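Fit chain B to the given chain A structure using the hints.
Same order as they appear, the protein sequences are chains A and B.
Its first residue numbered 333, the first sequence is counted upward by one per residue in the working numbering.
Its first residue numbered 6, the second sequence is counted upward by one per residue in the working numbering.
Derived from the structure by calculation, the hints contain no laboratory data.
Certain hints may be false.
[Claimed, not checked] List of simulated lysine-lysine pairs, BS3-like, C-alpha gap at most 30 Å:
#1 A/K376 with A/K352
#2 B/K59 with B/K18
#3 B/K47 with A/K347
#4 B/K59 with A/K376
#5 A/K352 with B/K47
#6 A/K352 with A/K385
#7 A/K385 with B/K59
#8 A/K347 with A/K385
#9 A/K347 with B/K18
#10 B/K47 with A/K411
#11 A/K411 with A/K347
#12 A/K411 with B/K59
#13 B/K47 with B/K59
#14 A/K347 with B/K59
#15 A/K376 with A/K347
#16 B/K47 with A/K376
[Unchecked claim] Partial list, derived from the structure: chain B residues whose beta carbon lies under 10 Å from chain A:
#17 L30
#18 P32
#19 H46
#20 L55
#21 S56
#22 R65
#23 R66
#24 R71
#25 C88
#26 L106
#27 A109
#28 Q110
#29 Q112
#30 L113
#31 R117
#32 V128
Predicted, not measured: the structure shown is a model, and the values here were computed from it.
Beta carbons: idealized from backbone N, C-alpha and C, even for Gly.
One-letter residues, chain by chain:
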Amino acid sequence: MASSSYSNAPCAACKCLRRKCMPDCVFAPYFPPEEPQKFVNVHKIFGASNVSKLLNEVLPHQREDAVNSLAYEAEARLKDPVYGCVGAISVLQRQVMRLQRELDATNADLIRYACNEMPPQFGARSDTNEQNSGFYFPSQWNNNNDGSHEGGESSSM
Amino acid sequence: MTLKASQACAACKYQRRRCSSDCPLAPYFPADQPRLFQNAHKLFGRSNILSIIKPLDAERRAEAMRSIIYEANIRDRYPVHGCLGVVCQLQYQIWQVEAELRAAQAQLDMYRQMYYQQQLSTVAADDVPSQLELGMALPYIDALSLLHNNNTNDDDDAVASYSYNSYSSLYMDARDVWVEDTHAANNNNGSRRDCDEMHPFFDTVDDRQSYVDSKEAYESSSEESLKDTTQSIEHVGENELKTAAACFTLTSFFFFLQ
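Isolated chain A, as found in the complex (with noise of 0.2 Å):
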C-alpha cells in the first residue's frame, strides 16, 4: 500500500535510520538514496540530529551549500582522524605564504632591472628556504581558539 505522496524512495538519511521518509524530510533533497555513502560519512561524525538543525538555521537557498560542506569536512575527518578538512588548510596556507614569498622576490628583481642594476645570483638567494617546521596551524590558532580565520589578505566570506 502506497499513497502517491509515498511513492518516491526513501532518501538516503531515512533509510539509514530506518525511518519512514516524510515529504517533509529535511535531508530528502540533499541525500539522495543514490548517494548513501554521503549521509553515512556525515551521520558518523556530526550526528543525523546535529545536521538537521544546522539546515534548519540556514536559508533553503543555503541548504545544499552546506550540506556538500558538511560531507566535504566529514570525509576529510574519517580520513584523516587527528586533523580532517584542517590538515588541508594548513597546507594550502603555507603554499599560499610560499608563492608570496616567490612573487615579492621576482618584483624585487623587477625593481633592481628598472633601475638598471644587476639582479643577484639565482644561487645566492635564500627565500626559497622554508621554515618547515612539521605541521602548520594558522597563527590565530596559538593565539586564541576562536577560530578567526586569517588565509589571507581579506575575507570576501
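Leaving out everything else, chain B in the frame of chain A:
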C-alpha cells in the same frame, strides 16, 4: 567526584554534569572559554567528539581536539560553507598569486634579455664595421684584435639560461608539493565541484584589475628601460666620436700614403 578546588570544565558546565577528575574533555575546554565547547557541541556533539578522540594517544588526541575546535569555530563563523569555504578561498588565492608570479616572471625574462642585449651591444660598439660606417675606423691591426675578442659572451648566456632553468624548476617544485600534500582536498571530487560553484562567491575580488595594473606597470617600466638603454647607447656613441676624431687624421694619412 567533583574537585572543589577546581572549577568544572566548560563541557560539563554546559551540560550540567559532574566534572570528574578524569573528565576526558576537561583539558581542552577550560571553564573560562564556554564558547569553545558550545561550538564544538553544536557541530559534533559530545559523544561524537569522544568517539573521534578515543582511539588516539594523548599527543594525537590534543592535536585532534585542536582541529575539532578550529573546525567548529569556523562553522560558527561561516554556518553555510564552514572549512570548505576556507579551502576554496585559499585555492583561489593560490591561483591568483600564481598568475601574478607568471606575469612577473615573464616581465623579468624580458628585462633579462634586454640587459644582456645591452651588454652585447656595448661590446659590439667596438666592432670595426660599425666604426667604418661612422667613418671612424681604427688602425688595421687593432681592428683584427677587436674582432677576435668578440667571442667572449657565450659564458654569460650560459649563466643566464642556467639561472632561468633553476628558477623555473623551483617554481615547479612548489606546485608538485601542493599536489602531493593536498590529497585530502583532491580526493574529494565533490569539493572541487563546490569550489567551482563558489567562484561567483568571490565577486568582490577582481583579479583582472590587479592584472591590468601590473600590465600598465609593465608597459611603463618597459618604456623607461628602453629610454635608459637608448641614453646609454648615445653616451657610448659620444665617447666613440671623441676618441675616433683623434685617430681620424692618422688614418687618412695612412690611406694617403698607400
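Checked hints:
| no. | hint | verdict |
| --- | --- | --- |
| 1 | A/K376 with A/K352 | holds, 20 Å |
| 2 | B/K59 with B/K18 | holds, 21 Å |
| 3 | B/K47 with A/K347 | holds, 24 Å |
| 4 | B/K59 with A/K376 | holds, 14 Å |
| 5 | A/K352 with B/K47 | holds, 26 Å |
| 6 | A/K352 with A/K385 | holds, 19 Å |
| 7 | A/K385 with B/K59 | holds, 25 Å |
| 8 | A/K347 with A/K385 | holds, 19 Å |
| 9 | A/K347 with B/K18 | violated, 36 Å |
| 10 | B/K47 with A/K411 | holds, 22 Å |
| 11 | A/K411 with A/K347 | holds, 24 Å |
| 12 | A/K411 with B/K59 | holds, 16 Å |
| 13 | B/K47 with B/K59 | holds, 19 Å |
| 14 | A/K347 with B/K59 | holds, 28 Å |
| 15 | A/K376 with A/K347 | holds, 15 Å |
| 16 | B/K47 with A/K376 | holds, 15 Å |
| 17 | L30 | violated, 14 Å |
| 18 | P32 | violated, 13 Å |
| 19 | H46 | holds, 9 Å |
| 20 | L55 | violated, 12 Å |
| 21 | S56 | holds, 9 Å |
| 22 | R65 | holds, 5 Å |
| 23 | R66 | holds, 9 Å |
| 24 | R71 | holds, 7 Å |
| 25 | C88 | holds, 5 Å |
| 26 | L106 | holds, 5 Å |
| 27 | A109 | holds, 4 Å |
| 28 | Q110 | holds, 6 Å |
| 29 | Q112 | holds, 6 Å |
| 30 | L113 | holds, 6 Å |
| 31 | R117 | holds, 7 Å |
| 32 | V128 | violated, 16 Å |
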